[in-house]
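Can you make the complete structure from the sequences, with help from the hints?
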Amino acid sequence: DGGITQSPKYLFRKEGQNVTLSCEQNLNHDAMYWYRQDPGQGLRLIYYSQIVNDFQKGDIAEGYSVSREKKESFPLTVTSAQKNPTAFYLCASRRGSNTIYFGEGSWLTVV
Amino acid sequence: KQEVTQIPAALSVPEGENLVLNCSFTDSAIYNLQWFRQDPGKGLTSLLLIQSSQREQTSGRLNASLDKSSGRSTLYIAASQPGDSATYLCAVSIPLRNDMRFGAGTRLTVKP
Numbered sequence: 007d008g009g010i011t012q013s014p015k016y017l018f019r020k021e022g023q024n025v026t027l028s029c030e031q032n033l034n035h036d037a038m039y040w041y042r043q044d045p046g047q048g049l050r051l052i053y054y055s056q057i058v059n060d061f062q063k064g065d066i067a068e069g070y071s072v073s074r075e076k077k078e079s080f081p082l083t084v085t086s087a088q089k090n091p092t093a094f095y096l097c098a099s100r101r102g103s104n105t106i107y108f109g110e111g112s113w114l115t116v117v
Numbered sequence: 062k063q064e065v066t067q068i069p070a071a072l073s074v075p076e077g078e079n080l081v082l083n084c085s086f087t088d089s090a091i092y093n094l095q096w097f098r099q100d101p102g103k104g105l106t107s108l109l110l111i112q113s114s115q116r117e118q119t120s121g122r123l124n125a126s127l128d129k130s131s132g133r134s135t136l137y138i139a140a141s142q143p144g145d146s147a148t149y150l151c152a153v154s155i156p157l158r159n160d161m162r163f164g165a166g167t168r169l170t171v172k173p
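As you go down the protein sequences, you meet chains A and B in turn. Going by my numbering, the first sequence opens with residue 7, and the numbers climb by one from there. Going by my numbering, the second sequence opens with residue 62, and the numbers climb by one from there.
If you're looking for bench data, these hints aren't it; they were derived computationally from the structure. Just so it is clear, CB atoms sit at the ideal spot from N, CA and C, and this is done for glycine as well. The reader is advised that the hints may include incorrect statements.
Mimicking BS3-like on lysine-lysine, the simulated pairs with C-alpha atoms at most 30 Å apart in a straight line are [as the list claims (entries may be wrong)]:
id, chain 1, residue 1, chain 2, residue 2
1, B, K103, A, K77
2, A, K63, B, K62
3, A, K89, B, K62
4, A, K89, B, K103
5, B, K103, B, K62
Across the chosen pairs, the derived CB separations fall in these ranges [stated by the list, open to error]:
id, chain 1, residue 1, chain 2, residue 2, range
6, A, P14, B, E76, 44 to 52 Å
7, B, Q142, A, S73, 37 to 45 Å
8, A, Q47, B, S89, 34 to 42 Å
9, B, Q112, A, T85, 33 to 41 Å
10, B, S131, A, Q62, 41 to 49 Å
11, A, Q62, B, Q112, 18 to 26 Å
12, A, P14, B, S73, 28 to 36 Å
Here you go:
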């Protein structure tokens, strides 16, 4: 079945550590997105990519990095510079301005 | 900057009731508006997409309307069921950046 796969579902980060969240899609979508969701809040855009080898900062990009080497993959690295990384992270993709599809999300907790 | 607001933040209704969820946005220059459902700890599932040229969309017991000039959309749920309990989010698609701006959501509880 076509869809978006995020892994891992749960991740724990120690202070000063970088961690990477995986996002893979087989929908043949050009655009991919990373959002962060905090309790009781809407989604905030971290980074997005409209084509391979190109990506743009969203509203809260500080402390995060991404790459887009393949159309299907858009991994997000949460660096040690992100001081408050505990949140629910959602990856999404879409073609043009059509319906956007989301993965099941990844929970990141700082320990 | 486009701002999206959803009121109320939470709503509790008895089973069988018809209900309306509200979404407002500050800039009418949008491509489309989308309504989503989110279950606890899960990703978002798209319910309805309304293009900027459309006034409404329907899917089963759901009907979404769009009034771009007033910056408002409503999601109407008919004959609510306990399985409808979830958080409902709306989002508008922003031109040029191919991005979407989300509201904080309305948490709906339908009591048996």
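We went through each hint and held it up to the structure:
no. : hint                        : result
1   : K103/B to K77/A             : holds (24 Å)
2   : K63/A to K62/B              : holds (16 Å)
3   : K89/A to K62/B              : holds (26 Å)
4   : K89/A to K103/B             : holds (24 Å)
5   : K103/B to K62/B             : holds (28 Å)
6   : P14/A to E76/B: 44 to 52 Å  : violated (37 Å)
7   : Q142/B to S73/A: 37 to 45 Å : holds (43 Å)
8   : Q47/A to S89/B: 34 to 42 Å  : violated (24 Å)
9   : Q112/B to T85/A: 33 to 41 Å : holds (38 Å)
10  : S131/B to Q62/A: 41 to 49 Å : violated (31 Å)
11  : Q62/A to Q112/B: 18 to 26 Å : holds (24 Å)
12  : P14/A to S73/B: 28 to 36 Å  : holds (34 Å)
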